[in-house]
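Protein chains: 2
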Amino acid sequence: MGIVRADCQRQDEQDPLRALRDQFQLPEGVLYLDGNSLGALPKATAKRVASAVNDEWGHGLIRSWNTAGWITLPSRVGDKIARLIGADPGEVVVADSTSVNLYKVLSAALAMAAVAAPRKKVILSERHNFPTDLYIAQSLAREHGCELVLCDTPGEVDARLDEGSVAVLMLTHVNYRTGRMHDLRRLTGLAHERGALALWDLAHSAGAVPLALKADEADFAVGCGYKYLNGGPGAPAFAWVHPRHADRFEQPLSGWMGHAEPFAFTPDYRPAPGIARYLCGTPAVLAMTALECGVDTLLAAPGIEALRKKSLALTDLFMELVEARCGGQGLVLATPLERALRGSQVSYMRAEGGYALMQALIARNVIGDFRAPDLLRFGFTPLYTRFVDVWDAVEALREVLETGVWREPRFQARATVT
Amino acid sequence: MGIVRADCQRQDEQDPLRALRDQFQLPEGVLYLDGNSLGALPKATAKRVASAVNDEWGHGLIRSWNTAGWITLPSRVGDKIARLIGADPGEVVVADSTSVNLYKVLSAALAMAAVAAPRKKVILSERHNFPTDLYIAQSLAREHGCELVLCDTPGEVDARLDEGSVAVLMLTHVNYRTGRMHDLRRLTGLAHERGALALWDLAHSAGAVPLALKADEADFAVGCGYKYLNGGPGAPAFAWVHPRHADRFEQPLSGWMGHAEPFAFTPDYRPAPGIARYLCGTPAVLAMTALECGVDTLLAAPGIEALRKKSLALTDLFMELVEARCGGQGLVLATPLERALRGSQVSYMRAEGGYALMQALIARNVIGDFRAPDLLRFGFTPLYTRFVDVWDAVEALREVLETGVWREPRFQARATVT
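If you read the protein sequences in the order shown, they are chains W and H.
Following the numbering used here, the numbering of the first sequence begins with 1 at its first residue and continues without gaps.
Following the numbering used here, the numbering of the second sequence begins with 1 at its first residue and continues without gaps.
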């Protein structure tokens, strides 16, 4: 006998994390499986942001830099994120975007490598890394006289590291397309053995999978605020630098907030000690306030291990149900079945009509997303996704496939953002 | 006979812009003269941001990138700012912070200069430019093998340009300390005659003084969203590049939003045509939404010339009243009396107790700010500052000075942000 909907309902009843869903303002009737792209709205956010707007800005005005603690937002929210990624207080700052933070830490990594191993001139990454990482790396490779080498398979990473020319290994921990997860500890160790630094993009990891950056001896990391951290559209990102490096090099975006004494207004740049030098301009107060609410939804859970356990159960269930109920419909699993290799999303390739298929699902209020040229992505956020949601999503997928409704012209028209 | 309060009241009654104040949520009893540091809260903002949070994010979720036009925010708000700075639609983007945007445009300017005039190796600026500008320029000077030369007086700028070694003239149009305004047109012309590019920081100009970037043939500009544009604490900034240059060079922060096809997810960076290549990461939706409301408060005025006329009348009045009523109290005017040389703020140096003096004023609900080591700043935002406010502020200043209340210990303790 296969799984039935009642089994999923029972799993929800027994789910020790089920109350965490109440933290979110989810639209009625919508089944949201895109928290890997944009996390859902925490209920606390609207009130907190309104207070930041009306009380702190409107009433407190300029005084709120001190009285409302605006000036400490980058470190305060950074300290909260540190708890999710295996870092210590004072090691993380919230600032700018993931792309901008990557520019900072990769610059510092290349400057460091130029001193430690001047003949190593390769930035090693993957062709299917998120493009913005590759674009930033291309820019810095040109500037630093380095070469960006892209691996086509995860196995190639080991082989390229063995060649001994890699200065910086720059990987996204969980791939945005396939949801495949690298072994951060092993690859960091291997990079170090080969004389390379390890830089990790945690965009699809932070808040989704357990991380132990410091224990695993990683060198640099950046991550995104608007995916599993539920910080809101375009939320600020974060940066972490291992404390053994943080004071040793400067990053080129030397704005006033990274200065040792920002309010001394001296004409010469003197970097702040530690991670604060990775700040640049004035903190985005309203956006960081929203991000803090998002991070708090994760800290309300009994730990990231519990979230991971549920996440794996959700993705296991989804893959099992899709195979059982949508088999033979041209969906090719792109996500590893092996749990240790999987983040918190499941993706399928489909040679024909993938975009339209996703549009037809969205029209039925089952929201995943599509990544060109052929990928359907489904994200599972254990904070608010129920086991019964997994059942219902697969049912919708089955219907859309079996009825062929996705072939209707209304589902073919491309939107700006896919 | 000197001016009396009733004269100021009459000026308010006759002020054609007086209704514009109703756009703002100003706290009762507070006299706010710090819009040059953080603009006041527009009434429209709270509701608009709440809608972005609840409706667009909470209900629309990921779909809002298309349905709520999130993806067009950088250009849509940029087009509105263009109207305030003498640029055309499609020439301005909103993104990141002023510091980050300066890094982008100064990088492009130096790359351009390296081609056009490879022997020119000087970035020319002023020692009293806002420090973040100098810090970013120091970083880029080091990277590009250039020298940052700082002038101590405005007159020195002309002389240094005449030497012929300047690649980029980088100035803040209105000085953050003194409120002194450069002649943008003349200095841009002089820079061009001497083979240099002209890059302007409009942090204290945009929304405060008339600008004609394109007619004046400026090359690059950046500006701040949270001062006279009323975009909220840490609001995103903007960047403008003259269309004759915009397509010619890349900037190094080559994030995915500056790609010609961000959603093609190709591994190679190909810059978008025009100003869009100055985008980097994902747009900060909530912050840009707030900024749009702030910019709208300026576009509601009958034009920037009308705002300028009132601004000059306010600063004229303030200086006249301070001289008449606070003369002999050790306040030394730091702002030019000549209207053409003045932005929308007035500053005084005071050798002793400047910080405590400002704290004593703030305790009386007259909010200006203090800049180390000795400067008291008062900003006059014609959208919401009344002539009677000027009278009342000077009265408070006179009382604080005459009573010596500022000498009380409670006004001496330094806050984090001064």
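Hints should not be assumed to be uniformly reliable.
You can't tell identical chains apart in this list, so a pair holds if it fits in one copy or across any two.
As the list claims (entries may be wrong) - Calculated lysine to aspartate or glutamate pairs in the EDC-like style (CA-CA distance at most 20 angstroms, straight line):
1. K43 / E147
2. K43 / D7
3. K121 / E143
4. K43 / D55
5. K43 / E323
6. K309 / E399
7. K47 / D22
8. K121 / D316
9. K120 / E261
For the record, the hints were derived by calculation from the structure and aren't laboratory data.
Do the hints match the structure? See the list:
no.	hint	in the structure
1	K43 / E147	neither (46 angstroms within a copy, 52 angstroms between copies)
2	K43 / D7	neither (29 angstroms within a copy, 51 angstroms between copies)
3	K121 / E143	both (12 angstroms within a copy, 18 angstroms between copies)
4	K43 / D55	both (19 angstroms within a copy, 13 angstroms between copies)
5	K43 / E323	neither (35 angstroms within a copy, 53 angstroms between copies)
6	K309 / E399	neither (29 angstroms within a copy, 66 angstroms between copies)
7	K47 / D22	within (16 angstroms within a copy, 24 angstroms between copies)
8	K121 / D316	neither (41 angstroms within a copy, 60 angstroms between copies)
9	K120 / E261	neither (35 angstroms within a copy, 32 angstroms between copies)
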